[in-house]
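Residue numbers (my numbering), protein chains in the order written: chain A, 18 to 126; chain R, 161 to 349; chain Y, 1336 to 2341.
Among the clues, some could well be false.
To be verified - Heads up, simulated DSS-like pairs for lysine-lysine below, C-alpha to C-alpha not over 30 Å straight-line: (1) Y:2093 x Y:2227; (2) Y:1734 x Y:2038; (3) Y:2038 x Y:2227; (4) Y:2180 x Y:2338; (5) A:44 x Y:2338; (6) Y:2035 x A:44; (7) Y:2035 x Y:2227; (8) Y:2038 x A:44; (9) Y:2225 x Y:2038; (10) Y:2180 x A:44; (11) Y:2093 x Y:2225; (12) Y:2038 x Y:2338.
To be verified - From the derived model, a few chain A residues whose C-beta atoms are all more than 12 Å from chain R: (13) 104; (14) 119; (15) 121; (16) 125.
Hint data in this document are derived by calculation from the structure and do not stem from the laboratory. As the structure is a prediction and not an experimental result, all values here were calculated from the model. Cβ atoms here follow ideal geometry from the backbone N, Cα and C, with glycine treated the same way.
Take a look at the letters that make up each chain.
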Amino acid sequence: MLILTCPCCGIRCDETELAPGGEAHLKRFGPGSSDEEFEDYLFMRANPMGVHFERWLHVYGCGKWFHAARNTVTLEVYGTYPAQVHAPPQEIRDMISTRVPGWRWKDDS
Amino acid sequence: MPESVTPLDGATYSGFVTIQDAGLVGMILLRADLGDADVVSALDGAGIEVPGAGALVGGLGNGALWMSPDELMILCAHDEAEATVETLGEALGGLHVLVANVSDSRAVFRLAGEGSAVREVLAKLSPADLRQTALPPGRVRRTRLAQVAAAFWFADDDEAVLICFRSVAGYVLDLLSKAATPGSEVGHF
Amino acid sequence: MSHRLPKGGRLIDRSRPLGFSFNGKELRGYAGDTLASALLGRGQVLMGRSFKYHRPRGVVASGPEEPNALVGLGRDGSFEPNVRATTTELFEGLEARSQNHWPSLEYDVGAIGSLLSRFLPSGFYYKTFLWPRAFWKHVYEPAIRLSAGLGKPPRRRDADHYEHFNITTDILVIGGGISGIVAARAAAETGADVLLVEQASTWGGRAPVDGVRIDGSGADEWTGSAVTSLQSMPNVRMRTRTTAAGIHDHGYVLLHERLTDHAPDHSVPRHRLWKVRAGQIVAATGAMERPLSFAGNDRPGCMLASAVRDYVVNYGVAPGERTVILTNNDDAYRTALTLREAGLGVPAVLDTRQEAAGPLAKAARDAGLSVRPGCGIAGIAGRNRVERVQLCSQDGDGKVIDEIQADCIAMSGGWSPTVHHWCHAAGKLSWNDAEAHFAPDPARPPTGADGMAMMHVAGRASGATGAGAVLESAHAAGVSAGRALGMGRGKKPGRVPEAEDEAHHPMEPVWLVPARAPYSKRAKSWLDFQNDVKVSDVELAAREGYESVEHAKRYTTLGMATDQGKLSNINGLAILSRELGTPVEEVGTTTFRPPYVPVTMGAIAGEARGGLFQPVRKTPIHEWHIASGAHWEPVGHWRRPYAYPMEGESVHEAVKREVQATRSGVGLLDASTLGKIVVKGPDAARFMDMLYTNMMSTLKPGKCRYGLMCSENGFLVDDGVVARLDDDTWLCHTTSGGADRIHASMEEWLQTEWWDWKAYVANVTEQFAQIGVAGPRARDVLNELGPSMDLGGEALPFMAWTDGALGNMPVRVFRISFSGELSFEIAAPAGQGRALWDRLLEAGKPFGITPYGTEALHVMRAEKGFIMIGDETDGTVIPQDLGLHWAISKGKDDFLGKRAQEREHMADPLRWRLVGLETLDGSVLPDGAYAADEGVNANGQRRTQGRVTSTYYSPTLDRGIAMGLVERGPDRMGEILEFPVIDGEPIRARIVSPAFHDPDGEKQNA
């Protein structure tokens, strides 16, 4: 049972008050995109052992989507943050770097 | 105009907690950026104080519940709801908002019992942290009650108000009644 | 013979005898007894038969690790199988039956299995699959079905009820022995909220039985005052009869509280499942004694030494007259001394160690007991219970050196910490050579959401031995738990209660008695009593290549079912390790999975049964539907009237009548379940154009437009009529089942993709009752109610809406039609919905107004060729398949699904597309029927070229009509397709236009 803090209303809620939304920080591809770009956007998802960024909906609560940075192996939660960003905020990245030495955000490599 | 009926139509249950239909309640949904100073001052002009995150001001008949960073539920008398929608519409004119009378969308319950009895009944159905320190009077908790969405707050230490959608009023009444059946007191809080 | 002692028994009340029955025999015990102690007290040692071989089995343990004494408890609506007699508190009228035997416990025909046991080796189940197929059907399956299964399932509905309880606590302490009590106190002293739970009905654990003294008092006395003082702390909560079933992620713990099992009462919940969110967890779960592996160790009368002691001290019951002790450690000497003190015979203490030099061994010798070091057991004589014990040298191969008359064997192979809870949440173990056990490794604890330790172990669960060390560790665990939450910092921890650590002689691991036992003995040395796994079975598994402990477990069934590694684990691992030549710590353990002990299904279901199984959503008009005898259809969680059969009328006849009445006069439909979502804002137009395939931004205020919504995958997901309320406000109607989903999807796009767009959405579905009035006389009915607005065809044409009053009620009227008739949908505040319905019924009386249900609605829409989400769509259908090109804007750069619909296979001319299907004989096609094609596919199956998506009897046309998706369908008008059916000739149907009735829409435009 994951317990995450909703950054939009501050409630510490367990999984039964949330709905999962899969991988976070995907870029939408619409008309004009190549078949490969569109396939990536629609179907290809990261499924890492370790640091992962996910979308969650506080469905039985404030109704807001938020992002969670967590570890899929240890279940450690590095932080949650509102969904209106294209990449994890710096303080979340810093937190992960402290906990997982050598980790880098994918776009920074 | 015929008189409006509540979904519970006056239903009550008396167990170790008393469950009552709270009657007709005026409720107005307001979607607006609650962090926007113009919105806050326009609301202030309309006599509405914006509660902080997770809080409420006032109560049934006259108050406001914080629902999310861009949503308030304004409480008023049922028969004043349409007029209040008008007033708000005027007060917030020109701002990006959505105001809707949702007074008939929901069922409202009053729960009363000795000591922590109400907290116990709610804890049988909701995963929320119901410790007095986590949910004192003045705080609102939107959560899950068994399989449906609900919100509740404590009007004082031994009385709470609970709101759910109209269509599941019967389900929620049955849930609460079962949870409040005499003999099933937990004695935890 | 086991029997009740004349005195003693710290947990029983001899002044309160209780009657109970076992296999129909009336027996008596005392308040405070368990079922097992009461049975032993009446001389009943034989309590069950084993699972595989149906061997006679007696009670082995005194707690939740009991493998044999599983009974069927109660009867009818209160029957429960596989209940442990050792944890079942006795009550007046308790009824128990033993399991796994026929015709009786004493004479079991199935026990022939034990003679055949050499034909049922490890993995026999898997091996049978290698034999000729016919054997499986005719030989194995009937035989296995006859003997397999643990207990019998209940036949009646459960008469009890159950509930859940959710709490959040700072610290949860599991186990109410002396360690748990000390840990809870230390944790509470940091200021944290503490919940302390104990599985039994009493506090103190086994310390009182072991004669532990704390702060100069006996353990019972100390526990009494410690519990009283804990109870007085405002931040401490305590529960007995509450077992921690499982530790899950992020400190989520399930507790199983048994409220009335000891005193049945159907008026209150029987069990309560606690869902605890704990900041920190302390496991004070104690330790379990291990059996020893020797030939015949499963004979009734062979018990754990600690259990023998428990029965004497706690219940005043002697498991036997003459008990032989077999041990590899000092603790079992306590049992010898206890028995001696109770005046019972202890003919010998067999110590497998070469030396028995500890103070307890000395005390035993001083008491006159015969202590025989270096000695083991070669075999047991006796059929349904131990009669004689054959002694041998532990070093040898089992040569009998002596024989002793005895009816009980108290065995002790050492103690293993109860690590289940630690392991549930991925805590790691380390091997302790001195004690020959796995203990929690504090360096690798279960971690919580913050990545830090969320669990601590206290007392014997940590591997500590000796009362003093146990209390030290418990206190430290409580303090650490508090500190981990940032509490009690700078506070001086309270005092640790003092207890003496008794000196003892080190234990010596013994995995087989005697050490060089030959195969014949190993094949009778049980490791897992419940699953009938012997030493020889594990050896065979290892020889056959099952080197991984997880594989060996599944192959042999060692530690499966309710055992979950409680009794069998270490002994099995050690045998495997010996066979593989790998140290035990490298062999590792199998996975300890929740639940620690079985949790009843009732407790898991909680309140969700009967009428509360699922929420039922009701419209404001629901009560009228009930009163009018509606036949229901579930639509999502809603219940909608399918039809309203009248007295003596079938459902089918009702549907026919409702359709005909609507087409010829006027019908009334409760459409309140339709989704209603408001979209508003400066960017609402832009947003609407993204959501719908149509151009919604060009819709004029006051008008309506039918629209389609697709997923980003291009597939059609919902449809409905959109009304533009004003310049920046739209009202979207969705399907009944789609309202919440579509509202959620709108929020998702606005919050996570277009968060800079100024648009708000609100789901107002439940604010309004919506009532459809359809049929040629619809306008007449509305006019009866004195509308404040003009409802004429010019003022309010088809696909327009207006606000106004109807019979003094504020309403919004939409001129939209799903039936193809002149039709108005009237929305009113839900609180007035019923009043509106009643008034329309009254006003419609002169016109023969007829309420109709969802089936008439579906028939009428199918007669018109209108699609239905979920019938014509199944998540793989795009609007183009349904001939809805006209609703897909070509002028928009983008909308949800547009890019996907450009993919190659979406534009494939061979896609199945919507057509009408008209049977040649007028019959009704079966729903979902496939149209056969020539040839076969790659799997040798007949090819298909289409399928039926909607099919009805049309009362209007008096014949079967259907819609279906057919390969190149619209290009093949007039062709005949064949639909094979299960019985009989294929049904032949012609491809036609799906608009069967009034194709030009003259009626709805009237």
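Going down the list of hints, with the structure as the test:
Restraint check for residue 2093 of chain Y and residue 2227 of chain Y: satisfied, since their Cα atoms lie roughly 20 Å apart, inside the 30 Å limit. With a C-alpha separation of about 101 Å, the suggested pair residue 1734 of chain Y and residue 2038 of chain Y falls outside the 30 Å cut-off, and the hint is violated. Straight-line distance between C-alpha atoms of residue 2038 of chain Y and residue 2227 of chain Y comes to about 21 Å, which keeps the hinted pair within the 30 Å bound. At most 30 Å may separate the alpha-carbon atoms for a hinted pair to count; residue 2180 of chain Y and residue 2338 of chain Y meet this at roughly 22 Å.
Of the supplied pair hints, the one linking residue 44 of chain A and residue 2338 of chain Y is violated, its CA atoms being roughly 48 Å apart against a limit of 30 Å. Of the pairs offered as hints, the one joining residue 2035 of chain Y and residue 44 of chain A is violated, with about 34 Å between alpha carbons and a cut-off of 30 Å exceeded. As the CA atoms of residue 2035 of chain Y and residue 2227 of chain Y are separated by approximately 18 Å, the hinted pair is consistent with the 30 Å bound. A distance of roughly 36 Å separates the Cα atoms of residue 2038 of chain Y and residue 44 of chain A; the hinted pair therefore is violated under the 30 Å criterion.
For the proposed pair residue 2225 of chain Y and residue 2038 of chain Y, the alpha carbon gap of about 21 Å is at most 30 Å, so the pair holds. Between residue 2180 of chain Y and residue 44 of chain A the CA atoms are separated by roughly 59 Å; this puts the pair beyond 30 Å, and the hint is violated. Pair hint residue 2093 of chain Y plus residue 2225 of chain Y holds up; C-alpha atoms about 25 Å apart against a cutoff of 30 Å. At roughly 19 Å between alpha-carbon atoms, residue 2038 of chain Y and residue 2338 of chain Y fall within 30 Å of each other, so this suggested pair holds.
The beta carbon of residue 104 of chain A sits about 21 Å from the closest Cβ of chain R, which is more than 12 Å, so the claim that it is off the interface holds. Listed as outside the interface, residue 119 of chain A is consistent with that label: its C-beta sits roughly 36 Å from the nearest C-beta of chain R, beyond the 12 Å cut-off. At roughly 31 Å from the closest C-beta of chain R, the C-beta of residue 121 of chain A stays outside 12 Å, upholding its exclusion from the interface. Even its closest Cβ contact with chain R, about 30 Å, leaves residue 125 of chain A beyond 12 Å, as expected for a residue assigned away from the interface.
When each numbered hint is compared with the structure, violations occur for hints 2, 5, 6, 8, 10.
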